[in-house]
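Chemist: Here are the chains, one letter per residue:
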Amino acid sequence: MRAWRTVVGVVLVGVMLFPVYWMFNVSLTKTSDMRADPPHWFPWDPTFEGYAAAFGQQLPALATSLFIGLGTVALTLAVSLPAGFALAKLRPRGGRTIDFLLLVAQMIPGVVMAMGFYAIYIRLGLLNTVPGLIVADSTLAVPFGVLLFRAFMASIPAEVMAAAQIDGASTWRTFVSIVLPLSRNSVITVSLFAFLWAWSDFIFASTLNRNSDVIPITLGIFRYIGNNTTQWNSIMATAVIASLPAAFLLVLAQRYIAAGVTAGAVKD
Amino acid sequence: MRAAPPRGRARRGRAQRWTAVAFLAPLIVYLLLFYAYPLYRNIELSVHDYTPRAFIQGNPEFTGLENYLKILSDDAFLSALRNTALFTLGSIAAQYAIGLALAVFFHRSFRLSAALRAMFLVPWLLPLIVSASTWSWMLNSENGIVNAALRAFGIGQINWLTSPDTSLLAVTIANIWLGVPFNLVILYAGLQNIPADLYEAAGLDGAGAWQRFRHITFPLLRPVSMITLLLGLIYTLKVVDIIWIMTRGGPADASTTLAIWSYREAFGTGQPDFSPAAAVGNLLILIAFAAGLAHVRLQKESA
Numbered sequence: 001m002r003a004w005r006t007v008v009g010v011v012l013v014g015v016m017l018f019p020v021y022w023m024f025n026v027s028l029t030k031t032s033d034m035r036a037d038p039p040h041w042f043p044w045d046p047t048f049e050g051y052a053a054a055f056g057q058q059l060p061a062l063a064t065s066l067f068i069g070l071g072t073v074a075l076t077l078a079v080s081l082p083a084g085f086a087l088a089k090l091r092p093r094g095g096r097t098i099d100f101l102l103l104v105a106q107m108i109p110g111v112v113m114a115m116g117f118y119a120i121y122i123r124l125g126l127l128n129t130v131p132g133l134i135v136a137d138s139t140l141a142v143p144f145g146v147l148l149f150r151a152f153m154a155s156i157p158a159e160v161m162a163a164a165q166i167d168g169a170s171t172w173r174t175f176v177s178i179v180l181p182l183s184r185n186s187v188i189t190v191s192l193f194a195f196l197w198a199w200s201d202f203i204f205a206s207t208l209n210r211n212s213d214v215i216p217i218t219l220g221i222f223r224y225i226g227n228n229t230t231q232w233n234s235i236m237a238t239a240v241i242a243s244l245p246a247a248f249l250l251v252l253a254q255r256y257i258a259a260g261v262t263a264g265a266v267k268d
Numbered sequence: 001m002r003a004a005p006p007r008g009r010a011r012r013g014r015a016q017r018w019t020a021v022a023f024l025a026p027l028i029v030y031l032l033l034f035y036a037y038p039l040y041r042n043i044e045l046s047v048h049d050y051t052p053r054a055f056i057q058g059n060p061e062f063t064g065l066e067n068y069l070k071i072l073s074d075d076a077f078l079s080a081l082r083n084t085a086l087f088t089l090g091s092i093a094a095q096y097a098i099g100l101a102l103a104v105f106f107h108r109s110f111r112l113s114a115a116l117r118a119m120f121l122v123p124w125l126l127p128l129i130v131s132a133s134t135w136s137w138m139l140n141s142e143n144g145i146v147n148a149a150l151r152a153f154g155i156g157q158i159n160w161l162t163s164p165d166t167s168l169l170a171v172t173i174a175n176i177w178l179g180v181p182f183n184l185v186i187l188y189a190g191l192q193n194i195p196a197d198l199y200e201a202a203g204l205d206g207a208g209a210w211q212r213f214r215h216i217t218f219p220l221l222r223p224v225s226m227i228t229l230l231l232g233l234i235y236t237l238k239v240v241d242i243i244w245i246m247t248r249g250g251p252a253d254a255s256t257t258l259a260i261w262s263y264r265e266a267f268g269t270g271q272p273d274f275s276p277a278a279a280v281g282n283l284l285i286l287i288a289f290a291a292g293l294a295h296v297r298l299q300k301e302s303a
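So the sequence lines, in the order shown, correspond to chains X and V.
Every letter in the first sequence is one number past the one before it in the UniProt record's numbering, and letter 11, counting from 1, is 11.
Every letter in the second sequence is one number past the one before it in the UniProt record's numbering, and letter 77, counting from 1, is 77.
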């Protein structure tokens, strides 16, 4: 039959995910075995010293990243939900211009945005602050959110809204009690991506928060690499922990990811 | 005689327009504050001479296009441009080829195909710091698994990240790995839209797998391919994280792209030099924009 395709597929996945396996393997390798030649292909004799060190030193950074991620989700939804609704259903003037601007916005290099934010934040005293980082991180997700919500809300039948309006509901009421509940899935998709991008952000963190005591996990790992290049099990253990949101997404929320990738088709 | 529109409807139309504006207002304010203003500041940085002191005091000297001229005549510019071209074109060509091969492979569903396809998303979902540090350790000269594997084939030690001959290649390989999932997903979605009866007809005509690919899949996938390559180009042009984490653009600028150059001038040294950094950044925007325009032109020609 077509069993050979499954076999080939498994082999291809194995090759593709080898670096992920290797991260996991190194995270469990003893420091004394780290420079073994040839390297240990499997952690027969695992150690958890890497994870102990990771949790001992990086727990605040993980908490910071969690907070920043949730803040970014809230800000992204607050801006992009009403905008997506307006573009999909209220036919505003200049709607196409906004579409175009959102596409262009996603083309701007992160380093350019970082410099712009830096120049603004240094005057406002927002450098090295968590709210500043939340605002900057939200720029990764807002254009995506608006475009995704618009595409989804455009597919809500006009009759559903008309029925609400005949009953005397205001546009705001219609939005809150009809459109939002129907958009549940797209809200989940946008939230997941906004969280993941904020969680993964390195550019904004390494520029806007580089002198901060309160740092996200990406910067925690980066400083780790710079400080002690011998403790690779700790670095890789932190990396494994930092990958957990992605793993969670893949296992529990896969259909939302697929929806996001094909609808938005853009990752910063 | 032209009938005037009923007053009620006109009023309702105007009211609706204001409602639309109200719903859009947060986004418009947001775009102005957090996109337009940083961009404006960036242009402003690039036409002044912002020393670190002037940066805080806000009294820089206006220098017009001097920063741009200085950059274009800098020796580092040509090397950064070359590295950007190699990194970007090498990445998107390989990502596209691998992504397309995988998309075709997964196009016919088989046992576990959906689950296996989902696994390919992993590199794309991981934080870049995770992928970059993993690749750094895998490519480590003395203790990396890549060199250990090569040693088994009798190939001597390659200093992937520490030799100017290979550092650009090393970061390109890591970046290809990162970009394959995106190409796979988009191209796979594109394949789903090709009518199956075309393949059936070709099969009846006795066309082989390669002929079906060459005469049906590839031509019909052209619009999707073009948008995939364009997005890949725009995305790859601005890559900073992966290179900065793995090599910091080194050794000796061997893996310094335009984006890395800009990042290093502004944030990578103890002496921030924002004005040239902003000029390089704006140059990057122009390149991305030119690619976007070229894409629109090509699309119109083929339509």
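If you are wondering where the hints come from, they were derived from the structure by calculation, not from laboratory data.
Each residue gets a CB set at the ideal place from its N, CA and C atoms; glycine is no exception.
Misleading hints may appear alongside valid ones.
Partial pick of chain X residues on the chain V-facing surface, computed with a CB cut under 7 Å [unchecked claim]:
no., residue
1, V112
2, A151
3, S155
Which chain X residues stay away from chain V? Per the calculated CB distances, all over 10 Å, these [claimed, not checked]:
no., residue
4, D37
5, T47
6, L59
7, A63
8, L66
9, L70
10, G71
11, L90
12, I120
13, A154
14, A162
15, A163
16, S212
17, A242
Chemist: Now, for every hint given, state plainly whether the structure supports it.
Modeler: Each hint tested on the structure:
no., hint, verdict
1, V112, "holds, 4 Å"
2, A151, "violated, 14 Å"
3, S155, "violated, 17 Å"
4, D37, "violated, 7 Å"
5, T47, "holds, 16 Å"
6, L59, "holds, 17 Å"
7, A63, "holds, 16 Å"
8, L66, "holds, 13 Å"
9, L70, "holds, 16 Å"
10, G71, "holds, 14 Å"
11, L90, "violated, 4 Å"
12, I120, "violated, 6 Å"
13, A154, "holds, 14 Å"
14, A162, "holds, 13 Å"
15, A163, "holds, 17 Å"
16, S212, "holds, 14 Å"
17, A242, "violated, 5 Å"
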